Amino acid sequence: SAVISQKPSRDICQRGTSLTIQCQVDSQVTMMFWYRQQPGQSLTLIATANQGSEATYESGFVIDKFPISRPNLTFSTLTVSNMSPEDSSIYLCSVRRSGSGFTDTQYFGPGTRLTVL
Amino acid sequence: DAKTTQPPSMDCAEGRAANLPCNHSTISGNEYVYWYRQIHSQGPQYIIHGLKNNETNEMASLIITEDRKSSTLILPHATLRDTAVYYCIVRVGNYGQNFVFGPGTRLSVLP
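In the order they appear, the protein sequences are chains A and B. With our numbering, the residue at position 117 of the first sequence is 117, and numbering never jumps. With our numbering, the residue at position 31 of the second sequence is 31, and numbering never jumps.
Because the hints were derived from the structure by calculation, they are not lab data. All of these numbers come straight from a predicted model, not from anything done at the bench. Among the clues, some could well be false.
What the hints assert, rightly or not - If we take Cβ atoms under 8 Å as the criterion, some of the chain B residues that face chain A in the derived model are:
{"no.": "1", "residue": "GLN42"}
{"no.": "2", "residue": "GLY43"}
{"no.": "3", "residue": "PRO44"}
{"no.": "4", "residue": "TYR46"}
{"no.": "5", "residue": "ASN98"}
{"no.": "6", "residue": "PHE99"}
As the list claims (entries may be wrong) - Sample of chain A residues facing chain B (criterion: CB under 7 Å; computed from the structure):
{"no.": "7", "residue": "VAL3"}
{"no.": "8", "residue": "CYS13"}
{"no.": "9", "residue": "PRO39"}
{"no.": "10", "residue": "SER42"}
{"no.": "11", "residue": "LEU43"}
{"no.": "12", "residue": "LEU92"}
{"no.": "13", "residue": "THR105"}
{"no.": "14", "residue": "GLN106"}
{"no.": "15", "residue": "PRO110"}
{"no.": "16", "residue": "GLY111"}
To be verified - Below, a list of computed lysine to aspartate or glutamate pairs in the EDC-like style, where the Cα atoms sit at most 20 Å apart:
{"no.": "17", "chain 1": "B", "residue 1": "LYS3", "chain 2": "B", "residue 2": "GLU66"}
{"no.": "18", "chain 1": "B", "residue 1": "LYS52", "chain 2": "A", "residue 2": "ASP104"}
{"no.": "19", "chain 1": "A", "residue 1": "LYS65", "chain 2": "A", "residue 2": "GLU86"}
{"no.": "20", "chain 1": "B", "residue 1": "LYS3", "chain 2": "A", "residue 2": "ASP26"}
{"no.": "21", "chain 1": "A", "residue 1": "LYS7", "chain 2": "A", "residue 2": "ASP26"}
{"no.": "22", "chain 1": "B", "residue 1": "LYS3", "chain 2": "A", "residue 2": "ASP104"}
{"no.": "23", "chain 1": "B", "residue 1": "LYS52", "chain 2": "B", "residue 2": "GLU66"}
{"no.": "24", "chain 1": "B", "residue 1": "LYS52", "chain 2": "B", "residue 2": "ASP67"}
{"no.": "25", "chain 1": "B", "residue 1": "LYS69", "chain 2": "B", "residue 2": "GLU55"}
Where is the CB? At the ideal position from N, CA and C, for every residue including glycine.
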């Protein structure tokens, strides 16, 4: 498994401001992921962040809105820029670890609950 | 798009077995079935995964039909703490496809 922590755990922000969410993993991982979970909805992948390369964004998500940093193999940040109430969601960090039989498994952090007023 | 179909909600009595079904009729030969759950306001938790054989761990059992078009997650003795949304995900098992989460099944364990 993997131990993943996120900061902050929750925040209330004003419209037009930005928030940076930190994700720390207990050991080195190649691939880190950021997800969004809007109220009452399932998880949606925002982007994949590999150390030493640009993040890869999913359709509907852009770097200007959700810039990501990946300075080393245990840490990543996601910034939610120029926030609006529609950005109110839970943001989740995730990593993959190899498992049995040449498979891998994805593990998730506790999430950051963001409310934008 | 999610490749699985799950009932939106189920109830189970505390202490009884909870059997959560998942249909994945278009599963490919190299795709695994993964199960996760999300307890309210927490990050998803990995439960179990399998290819074609039945699997069991300390949390649950996974039963996959012989044609692999459906599977069942079994929580043998459900407790109130098992109340959560359960997600069934189909993907290639190694560093390839993303994990795509559908709406899942909301399991309520009742006292």
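Hint check results:
no. : hint                 : result
1   : GLN42                : 6 Å, holds
2   : GLY43                : 4 Å, holds
3   : PRO44                : 5 Å, holds
4   : TYR46                : 5 Å, holds
5   : ASN98                : 6 Å, holds
6   : PHE99                : 5 Å, holds
7   : VAL3                 : 12 Å, violated
8   : CYS13                : 18 Å, violated
9   : PRO39                : 11 Å, violated
10  : SER42                : 5 Å, holds
11  : LEU43                : 4 Å, holds
12  : LEU92                : 5 Å, holds
13  : THR105               : 5 Å, holds
14  : GLN106               : 5 Å, holds
15  : PRO110               : 5 Å, holds
16  : GLY111               : 5 Å, holds
17  : LYS3(B) / GLU66(B)   : 18 Å, holds
18  : LYS52(B) / ASP104(A) : 16 Å, holds
19  : LYS65(A) / GLU86(A)  : 13 Å, holds
20  : LYS3(B) / ASP26(A)   : 32 Å, violated
21  : LYS7(A) / ASP26(A)   : 14 Å, holds
22  : LYS3(B) / ASP104(A)  : 19 Å, holds
23  : LYS52(B) / GLU66(B)  : 7 Å, holds
24  : LYS52(B) / ASP67(B)  : 9 Å, holds
25  : LYS69(B) / GLU55(B)  : 16 Å, holds
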